[in-house]
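Undergrad: If you want the building blocks of each chain, they are given just below.
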Amino acid sequence: DAGVIQSPRHEVTEMGQEVTLRCKPISGHDYLFWYRQTMMRGLELLIYFNNNVPIDDSGMPEDRFSAKMPNASFSTLKIQPSEPRDSAVYFCASRKSGTPREAFFGQGTRLTVV
Amino acid sequence: QQQVKQSPQSLIVQKGGISIINCAYENTAFDYFPWYQQFPGKGPALLIAIRPDVSEKKEGRFTISFNKSAKQFSLHIMDSQPGDSATYFCAASGSGTYKYIFGTGTRLKVLA
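Sequence lines, in order, name chains A and B. Note that the numbering used here gives residue 84 to position 84 of the first sequence, counting from 1, and the numbers run on in steps of one. Note that the numbering used here gives residue 41 to position 41 of the second sequence, counting from 1, and the numbers run on in steps of one.
With the rest of the complex left out, here is chain A (with noise of 0.2 Å):
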């Protein structure tokens, strides 16, 4: 399996745009995550879903930011509009139920907001 696979690998983007994040979890696993990580905050939890479904996004820090997941093999990580204080990284993760229970994380996207 290639991995967690996230694009793009980087993105730039002007202040007030809408950006569009997007992963393709290992298959067969059936939780999926999305975090983001600053040098201030470390690694924050903003949404996961359990087989497409949405589980817990009290981390989704405003509603400026959506996630979506339509199928078992994609998701997304909107903001709309995007402000400079989104610059970060933002990485998608995925396990499977039960165990072992680790968490496999892609690559992530440098997102700039300027």
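Source of the hints: derived by calculation from the structure; they are not laboratory data. Take every hint as true, because none was put in to throw you off.
Below are the SDA-like pairs computed for lysine to any residue, each with C-alpha atoms no more than 20 Å apart in a straight line:
#1 B:Lys-42 / A:Gly-3
#2 B:Lys-42 / A:Arg-22
#3 B:Lys-42 / A:Ala-2
#4 A:Lys-78 / A:Arg-64
#5 A:Lys-24 / B:Gly-41
#6 A:Lys-78 / A:Thr-38
#7 B:Lys-5 / A:Gly-59
#8 A:Lys-96 / B:Thr-97
#9 A:Lys-68 / A:Ser-7
#10 B:Lys-71 / B:Pro-8
#11 A:Lys-96 / B:Ala-45
#12 A:Lys-24 / B:Lys-42
#13 A:Lys-68 / A:Arg-22
#14 B:Lys-109 / A:Met-39
#15 A:Lys-96 / B:Tyr-32
#16 A:Lys-96 / A:Gly-28
#17 B:Lys-42 / A:Arg-9
#18 A:Lys-24 / B:Ala-45
#19 B:Lys-5 / A:Thr-38
#20 B:Lys-42 / A:Arg-110
#21 B:Lys-5 / B:Thr-63
#22 B:Lys-42 / A:Pro-8
#23 B:Lys-42 / A:Arg-41
#24 B:Lys-58 / A:Arg-101
Far from chain A by the CB rule (all over 12 Å, computed), these chain B residues:
#25 Ile-12
#26 Val-13
#27 Ile-18
#28 Ile-20
#29 Ala-24
#30 Thr-28
#31 Arg-61
#32 Pro-82
#33 Gly-83
#34 Ser-85
Glycine residues also receive a C-beta, built at the ideal position from the N, C-alpha and C atoms.
With chain A held as given, fit chain B onto it using these hints.
TA: Showing chain B alone in chain A's frame:
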């Protein structure tokens, strides 16, 4: 109560030395404690993990020590090597939830 506190923020160790990173938690419902290693430009990857029914787990040069009563756990890297230079995150998870709560990370630099 959902926080995992990690220290130090950064660590510099000589080659061959021992690197020690500490974490503390409050939620007694946590029952799985992984450590993740992250190299620049990469996503975090599982290094080693422990459950609270054991006090220590060793895999090669990496050891987790777990103190259930103190609600603390630590990562020890023996014979640290320059290739170990990375950011290390502790995390915690409960059986009733599948999400991980991560510590803030420790940037380790091992000098050659």
